[in-house]
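Based on the sequences and whatever the hints tell you, model everything.
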Amino acid sequence: MKDYMMIFIGADYEELGLSPEQLQDKMSKWFAWNSKMQEQGILREGNALKAPAKRVSGSDKTVTDGPFVEGKELIGGYYIINVEDADAAAKVAEDYPDYDLGGIVEIREVMVFDQ
Amino acid sequence: MKKEVVDHLFRHQYGKMVSILIKFFGFSHLETIEDAIQDTFIKATLSWRNQLPDNPEAWLTQAAKNRTIDLLRQIQAEKSRLDKINNGPSSIQLNELFLEHEIEDSQLRMVFVACHPHLKAEEQIAFALKTISGFSTKEIAAALLLKEETVKKRLSRARKSIVEKNIQFNFPEAQQIEDRLNRVLKVIYLTFNEGFHSTNKKEVVRKDLCGEAIRLCVLLLKKKQFRTGSSYALFALLCFLSARIESKTDENNEIVNLRNQDRSKWHPPLIKMGDDALSKSMEYEDVSHYHFEAFIAAEHLKAKTFEETNWNKILFWYRKLNVLHPSPSSRLNMAMVYIQLNEFKEAIILLNQIKSSDLEQRAYLLYGCYSNYYEKTGKGTKALEYMDMAINCVTNTQEKKHLEKERTKILHKFSL
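Protein sequences appear in the order of chains A and B.
Taken in order, the first sequence gives residues 1 to 115; the numbers are from my numbering.
Taken in order, the second sequence gives residues 1 to 416; the numbers are from my numbering.
Since the hints were derived computationally from the structure, they do not count as laboratory data.
Any given hint might turn out to be false.
DSSO-like, lysine-lysine: derived pairs with alpha carbons at most 30 angstroms apart [said to hold, decoys possible]: (1) B/K379 to B/K401; (2) A/K29 to B/K207; (3) B/K65 to A/K50.
In structure tokens:
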């Protein structure tokens, strides 16, 4: 079993101007997905990320304030799950609720370093 | 562990929160308030992902309250008021605004504001759906078959008029109650109708719109000064029509006409509620078209089969309706009844009085009725011609399918 990070890109609810009804529908789907992963015991952790960002760059460590990317490229959150392999992780990601809003899930294996 | 959020909670909370915050801040901050509530919902969708709160409604209310305070901080002009809220007796006042009966009171005030004569009729329904029922501009556009841009324009015109004309967050004065109440009833009636005969492309019945209309009607009847014959009659009508909602479409979401509806699916508790409301409506002196429409709907529900329908009684009520409230659609309905009664002469006289443009989106009903008339009087080619006209102008896909089936029947019957 390995850890995979599912990174959610795009589908910024704030920018899309969803109606209360649509927001509730989305929320219920996220909740259902979360519960499902918990019941399967595969969910390690996960968080949603706020949109405002800072970047530190260069040898003089310059700090700049975002936004840096458009809403459709914004990382909105992540989950880390423990599953057999990348295919299994992709299977889990099928339940991501925001494909219809143009959202994307990127799956990355968490590297394990030998002791 | 299975926890569910009540259906339409967000939508209903939206209307509640708008009216509470308006009561507190006044209409000049309407747009800021709408934005703030949207923020609250987005916050909820994020933080409820992992854990639903024990009491979602209370969570939202609390968040809205906090957002109220945020708003106050942001709006400089309100600064002195903020001190009072944090320290003075108005902090109690703010809490009281969130009590159930206060919420209902605020929502009802909002309904009357939406129906203020300073707003145009077309703006009223859009504004009501937005601020009371929590529909997005997109949903309103779909429900009312308008362009989203048009809805946006109407909403902003309504907001502007409310601020410019300094409309107060009050119930109408005693002498204006009748007129304003009539407008409110009309908005409720139109909302329901749009749900019941949806012109939306895919859905035949939009239950959410019907539900909203009923909810507002119930809200209205809770207050003594708004209980009139008309408001009870409207409520009765909505109950009777809702009782048949489940049978209007089959398992494939295809339309089932009244003749073929599974009458065992009709909902007895709603019929009972409608009966009670209808008899209450007769304790008042005012008589409205809602009364007659409710009597007609009740008559349909009494028939155990389509064949047992008492068309003569229905005709009697349609005649009354047409005297009180002559309209192209009541004439059309009357024509349909005459066809059922095989009184074709009467039917065609009525049909020829109706212009298709009077029915706007529902002109297909007129053509369908003509087709029915010609079919029954043995004129196959004419029946087919009118059915094609109906098919050409219908917008709803399910209605279209239904009409196409009827067309096939005509082809068979007359071996065309």
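Index of numbered hints that the structure contradicts, given in increasing order
none
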